[in-house]
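All chains, full assembly: derive it from the sequences and hints.
Spelled out, the chains give:
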Amino acid sequence: MKRYISVAVAVVALVGIGAVLAVAGDDPPSQPPWVKADGTIDPAKAPDEFEVSGPDGQKVVCGNGRTLKVRKELLLGPPPKAPDQLRAERPEAAAGDLVWRCGRGKNPHLNPILIPRSQDPLRTEAG
Amino acid sequence: MKRIALTLAAAALAVAAGSASAHTLLSYGATYTDSDLCVFGSAHIQHGSAVIDSGADVTSVGHWPYLGCSGEKAQDPYWIALRRQLYRWESSSWVVCNDSGWVYNTSRTAQVFHQRTFQSAICGARYYGTMGSGFVYQYVGGWSGGGAWSNYHWLPA
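So the protein sequences, as listed, match chains A and B.
The opening position of the first sequence corresponds to residue 0 in numbering that gives the first Met the number 0, with each subsequent residue numbered one higher.
The opening position of the second sequence corresponds to residue 0 in numbering that gives the first Met the number 0, with each subsequent residue numbered one higher.
These are calculated hints, taken from the structure and not from any lab test.
Some hints here could point you the wrong way.
Stated by the list, open to error - To spell it out: a stretch of chain A is covered by chain B in this simulated footprint if at least three of its residues, at any positions, have a beta carbon under 8 Å from a beta carbon of chain B; those stretches are: (1) 33 to 44; (2) 61 to 67; (3) 76 to 90.
Glycine included, each C-beta is placed from N, C-alpha and C at the ideal position.
In structure tokens, the structure reads:
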């Protein structure tokens, strides 16, 4: 009996590990090619676009069925506005999450907008 | 057989415990240097027993003859910008999981810091890393700076 219990424990443990790896579903990542040896970034080597997740953790898919893509300039910077403009506008400090959403037009997946989550029209109680 | 089974179970538990143990990854370096200014940036990701911590900072530093980069160099409001992004690995690419947007200094200072704590891996059980992008404004040259990458870490759901 003890033998069966031991085997069962081992099987359960291995199945658990398998489940974790299945959730990962991917090869382990390699260091991004745009990261230099000292940990700083070389934007020229970054992909032109990145996919983004919504509050649910899933990739954002637009109404046309295409995955939303954000150009690296919009993610890595620099900021689009100079200090004089910012001082006039007084942007609020990042008090909450921001979310990427699809834009308008024929190609909403190529026209991303970044909005406060509190203003997200797709916001749900759960998400 | 019993010994083998117990060994396998122990190995499985060791792997699980190893992936869940507390761990901090941090990168820090100069992202920009000219004759007057050095910009230093950092990014980190920390996985503790209960929470996940993703953070970044940018520091404006003076650049002096013979001394090199030395001493904080304070900047007026909105002259320092920082953005923290949490990335996750999926299939074969890095995907943005959480984005702070641009954060600016609202008083005269030399450093801006942004940190976010998550109660779980918000984009599922994946490898995660933090990207920090920090810039300092100059009349000549505009926004000067760059990014830092924390390196990546497996985070269970």
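Verification of the supplied hints:
Figure legend: the stretch 33 to 44 of chain A, annotated as covered by chain B; annotation consistent (6 residues with Cβ-Cβ distances under 8 Å, at least 3 required). Only when three residues or more bring their CB closer than 8 Å to a CB of chain B does the claim for the stretch 61 to 67 of chain A stand; here the count is 0, and the claim is violated. Under the rule that three or more residues need a Cβ within less than 8 Å of chain B, the assignment of the stretch 76 to 90 of chain A holds, with 8 such residues.
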